[in-house]
Amino acid sequence: MATEPRQRQGASRRTEAPRRSEASRRGAEQHRIGLGDRSRGWLRHHIEVARQALIRLWSTPLASLMTLAVLAIALALPGFIFTALKNVEQLTAGLDTDPHISLYLDVSLSDERIDSFSRELLLRDDLASVELISRDKGLEDFKAYTRFDDLLEFFDTNPLPAVITLIPRDDDPAQLQVLQQKMAALPEVEEARLDLEWVRRLGAFMALAERSAWVLGGLLALTVLLVVGNTVRMTIESRRDEIQVSKLVGATDAWVRRPFLYSGVWFGTFGALLAWLLAQLALALISEPVQALAVLYLNGYVVQGLGPVESLTLLLSGILLGLGGAWIAVGRHLRDIEPG
Amino acid sequence: MTAIRFSNVGKRYPNGHDALVGLNFTLESGELAFLTGHSGAGKSTLLKLVMLMERPSRGGVWVGDRDLTKLPRKQIPFHRREIGVVFQNHQLLFDRSVFDNVALPLQISGYDPADAARRVRAALDKVGLLSREKLNPITLSSGEQQRVGIARAIVHKPKLLLADEPTGNLDPELSEDIMHLFEQFNSIGTTVLIASHDLSLINRLRHRVLHLQGGRLVADGY
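Chains R and F, in that order, are what the protein sequence lines are.
Residue numbers for the first sequence follow this note's numbering, beginning at 1 and rising by one.
Residue numbers for the second sequence follow this note's numbering, beginning at 1 and rising by one.
Isolated chain R, as found in the complex (with noise of 0.2 Å):
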C-alpha cells in the first residue's frame, strides 16, 4: 500500500486495521533536519548553553564569588611563586658564576707593594683575569652598599684589606683547591678564598625552590579540580529534574554534559583572571625590596610580572583545571540520573 514519502519506514502497510488505513495512509509529517541546519543548531546551541552557564554563575553571585575567590588564590599562588622563581633565576644569572678566588692582602701592605704584587699575579698563565679592589675603594663600597658605615667611625684608619679577585683559567674543583693553597701561601697574602660554595649552594636551593613550587602547584590544581568538582556536582544536583525531561525527550549524554561542562570552563576563566591580577598584587608588594636586594647584585634590574607567557598559562590552567574538575563531576553523577 502506498504511504507519504515522508513517512520513512512507510514501506509496506498491512491491511488489517481498515478503519484506521485512511489516516494511516495521509501519515504524520516526519521533520528531517538537514546536516546543514544540525551544525548550525550545534554552533548555536554551544554559544546559548555558554551563555546561559555565565548567567547561571551570576544568578547566585555570594556564591559563585566564594567557590572563586578559592579558585584565585589556589591558581594565584604557583602563579605568584614561579614568577618570583623566575626573577630569582634572572638575577642569579646576572650574576658571574665563574669560580673566583678572592685574596685577602695583608693590611700592612704599602700601596706600591700591592700594586706591584697584582701586576707580578697578571703574570701568571693559570689566571684568566684578576682585579685589584684597593683599601680606598674597598671603604667607598663598603659605605655605599651597607648601612654600616657608622662602624668606620671606631676606627683611626681604613680597617679594610686589599683585595685581589682571581678568576682560574682551569676551573676543576680538585685544581682550584691547588691553587687556593698555592695563593694562600704567598706571604702578601692574609687569606686566600675560593668563593665557589655559595653559587653551588644557590643553585641547590633554587633546585630545591623549584622542585617545592612544582609540588605545591600540582596540590593547589588538585585543589582546583576538587572545588570545581564538587560546585559543578551540586548544580547537577539542582538541575536533576531538567535532566531526566531532557533524557527522556532524546538529549544525548553529551547534551546533558554541555552546560555543566561551560559552568567549569567559567569558573576556571574567572578563577585564572582574579588569580592574575593577585599574582600581579603580590609581586607589586615584594617588587620594593627586591629591587633594594638586586642592586646590591646588579644595577638596572626591574622586577617582571607575568608576562604574557605566564599569564597564558595560567588562563589556559584556570580553563583546563575547570574544564576537567567539571567532567570528573559530570562523569560521575550524570549516569546516575536517568528518567525512570
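Keep in mind that a hint or two might mislead.
Cβ pair distances, simulated, as ranges [claimed, not checked]:
no. : chain 1 : residue 1 : chain 2 : residue 2 : range
1   : F       : PRO14     : R       : LEU222    : 30 to 38 Å
2   : R       : VAL309    : F       : LEU130    : 56 to 64 Å
3   : R       : THR313    : F       : LEU135    : 24 to 32 Å
Now the stretches of chain F that chain R is said to cover, found in silico as 3 or more residues with beta-carbon under 8 Å [unchecked claim]:
no. : region
4   : 73 to 80
5   : 94 to 106
6   : 129 to 137
Okay, derived cross-link-like pairs now, EDC-like style, lysine to aspartate or glutamate, Cα gap no bigger than 20 Å in a straight line [stated by the list, open to error]:
no. : chain 1 : residue 1 : chain 2 : residue 2
7   : F       : LYS48     : R       : GLU338
8   : F       : LYS48     : R       : GLU242
9   : R       : LYS137    : R       : ASP125
10  : F       : LYS48     : R       : ASP253
11  : R       : LYS143    : R       : ASP125
12  : F       : LYS126    : F       : GLU183
13  : R       : LYS182    : R       : ASP171
14  : R       : LYS182    : R       : ASP170
15  : R       : LYS86     : R       : GLU288
16  : F       : LYS48     : R       : ASP336
17  : F       : LYS70     : F       : GLU82
18  : F       : LYS74     : R       : ASP336
19  : R       : LYS182    : R       : ASP172
20  : F       : LYS74     : R       : ASP253
21  : F       : LYS134    : R       : GLU242
22  : R       : LYS86     : R       : ASP195
23  : F       : LYS157    : F       : ASP95
24  : R       : LYS143    : R       : GLU153
25  : F       : LYS134    : F       : ASP95
26  : R       : LYS182    : R       : ASP125
27  : R       : LYS137    : R       : ASP106
28  : R       : LYS182    : R       : GLU131
29  : F       : LYS74     : R       : GLU338
30  : R       : LYS137    : R       : ASP171
31  : F       : LYS48     : R       : ASP241
32  : F       : LYS157    : F       : GLU82
33  : R       : LYS137    : R       : GLU210
These aren't lab readings, by the way, just hints derived from the structure by calculation.
Where is the CB? At the ideal position from N, CA and C, for every residue including glycine.
We have chain R; now place chain F onto it with these hints.
Chain F in isolation, oriented as in the chain R frame:
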C-alpha cells in the same frame, strides 16, 4: 507495518519481581490502543521498554523495524526523539515558560529557532493553549498542565505517541477532552498507546484495549 511488536517479553527487576511475563502483541501503525490493568500490572514497565528506560530480561521488542534489544546505549536518544511521551505527572519544568517547555525537544534535536517557534505555537494551538505560551506552567490548572505536556510530546510530530495515565489527576470532563485530543492525533496517522485504568472512559471510546494482569496479557480486543 507494525509500530510496536513485543515477542515473548519478560522483565524481571533486580529485586526478583516479574513485572512482565511472556508478553506478545503487535500494534500496527496508525492504531490507537489502551493499555489497562491494576497498578503493578506492568503498564508502566511496558511503556518503559518501548522508551528504552528499561531493557527486557528476555524476548524482543521492536519499534517500527528497529530491534530495541540490539540498540546500543548511544542510539537511545535518537530512538526517543521519534517517540512522544505524556506522563501522569506531566514532568514540566517550572523554571521556564510554557513555550520553552514545549520547545525543549526541538532544541535538543537542533531545530532552527524560527522554525521551532512556529512548530511550538502550532502544537500549543492544537491543545488550545496558544494564549498561555509566556506563562510559567506552575500558574496553570492541572488540566492545562497536562495539555502542555501533550503539546511537548507532539511538537516534533512523532510517529508514535505514548501516554502513561494521562488523565490520572483530572476530573471526568477534562479526561474526556484529553482523550479526544489523542484521538485527533491518531486521526492524522499517529500511532497512540495510552496506559490508563479509567475503564468507564475507555469503554465509551471503543478502541482496542490490551489488558494486563500480573505482567501477563489477559485480554486484547475492542
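How the hints compare with the structure:
Restraint check, F/PRO14 to R/LEU222: a C-beta distance of roughly 36 Å satisfies the suggested window 30 to 38 Å. Remark: the range hint 56 to 64 Å for R/VAL309 to F/LEU130 is upheld by a beta-carbon distance near 58 Å. With their beta carbons about 49 Å apart, R/THR313 and F/LEU135 fall outside the hinted range of 24 to 32 Å. Given a C-beta distance limit of less than 8 Å, the hint that chain R covers the region 73 to 80 of chain F holds, as 5 residues qualify and 3 suffice.
A count of 3 residues in the region 94 to 106 of chain F with a Cβ less than 8 Å from any Cβ of chain R is obtained; the coverage claim is therefore met, three being the minimum. Three residues within the 8 Å Cβ limit are the bar, and the region 129 to 137 of chain F against chain R gives 0, so the coverage statement is violated. With a CA separation close to 12 Å, the supplied pair F/LYS48 and R/GLU338 stays within the 20 Å bound. Note on F/LYS48 and R/GLU242: the hinted pairing holds, with a Cα-Cα distance of about 19 Å set against a maximum of 20 Å.
Only pairs whose Cα atoms come within 20 Å are accepted, and R/LYS137 paired with R/ASP125 is rejected, the gap being roughly 27 Å. Taking the CA atoms of F/LYS48 and R/ASP253, the gap is about 19 Å. The hint holds against a cut of 20 Å. Taken as a hint, the R/LYS143 and R/ASP125 pair is broken in the structure, with Cα atoms around 35 Å apart against an allowance of 20 Å. For the hint pairing F/LYS126 with F/GLU183, the CA-to-CA distance comes to about 12 Å; that is within 20 Å, so the pair holds.
Using a Cα cut-off of 20 Å, the hinted pair R/LYS182 and R/ASP171 holds, with the two alpha carbons roughly 15 Å apart. The straight-line distance between the Cα atoms of R/LYS182 and R/ASP170 is roughly 14 Å, inside the 20 Å bound, and the hint therefore holds. The hinted pair formed by R/LYS86 and R/GLU288 meets the criterion: a straight-line CA distance of about 16 Å does not exceed 20 Å. A C-alpha spacing of about 17 Å is found between F/LYS48 and R/ASP336, which places the hinted pair at or below 20 Å, so the restraint holds.
Between F/LYS70 and F/GLU82 the CA atoms are separated by roughly 17 Å; this keeps the pair inside 20 Å, and the hint holds. Taking the CA atoms of F/LYS74 and R/ASP336, the gap is about 16 Å. The hint holds against a cut of 20 Å. Distance check on the hinted pair: R/LYS182 and R/ASP172 sit about 15 Å apart at the alpha-carbon level, within 20 Å; holds. Simply put, F/LYS74 and R/ASP253 have alpha-carbon atoms about 8 Å apart, close enough for the 20 Å limit, and the pair holds.
Restraint check: the Cα-Cα separation between F/LYS134 and R/GLU242 comes to about 19 Å, which is no more than 20 Å; the hinted pair holds. Distance restraint check for R/LYS86 and R/ASP195: the Cα-Cα separation of roughly 24 Å exceeds the 20 Å cut-off, and the hinted pair is therefore not satisfied. A hinted pair counts as satisfied when its Cα atoms are at most 20 Å apart, and F/LYS157 with F/ASP95 does not qualify at roughly 25 Å. Taking the CA atoms of R/LYS143 and R/GLU153, the gap is about 11 Å. The hint holds against a cut of 20 Å.
Between F/LYS134 and F/ASP95 the alpha-carbon distance is near 12 Å, which keeps this suggested pair within the 20 Å criterion. Distance check on the hinted pair: R/LYS182 and R/ASP125 sit about 14 Å apart at the alpha-carbon level, within 20 Å; holds. Restraint check for R/LYS137 and R/ASP106: the C-alpha separation of about 16 Å stays at or below 20 Å, so the hint holds. Taking the CA atoms of R/LYS182 and R/GLU131, the gap is near 18 Å; set against the 20 Å cutoff, the hint holds.
With a CA separation close to 14 Å, the supplied pair F/LYS74 and R/GLU338 stays within the 20 Å bound. Annotation: proposed proximity of R/LYS137 to R/ASP171 is violated, straight-line Cα distance about 28 Å (limit 20 Å). About 18 Å separates the Cα atoms of F/LYS48 and R/ASP241, which keeps this hinted pair within 20 Å; it holds. For the proposed pair F/LYS157 and F/GLU82, the alpha carbon gap of about 8 Å is at most 20 Å, so the pair holds.
Between the alpha carbons of R/LYS137 and R/GLU210 the distance comes to roughly 38 Å, so the proposed pair goes past 20 Å and is violated.
In this structure, the hints that do not hold are numbers 3, 6, 9, 11, 22, 23, 30 and 33, in rising order.
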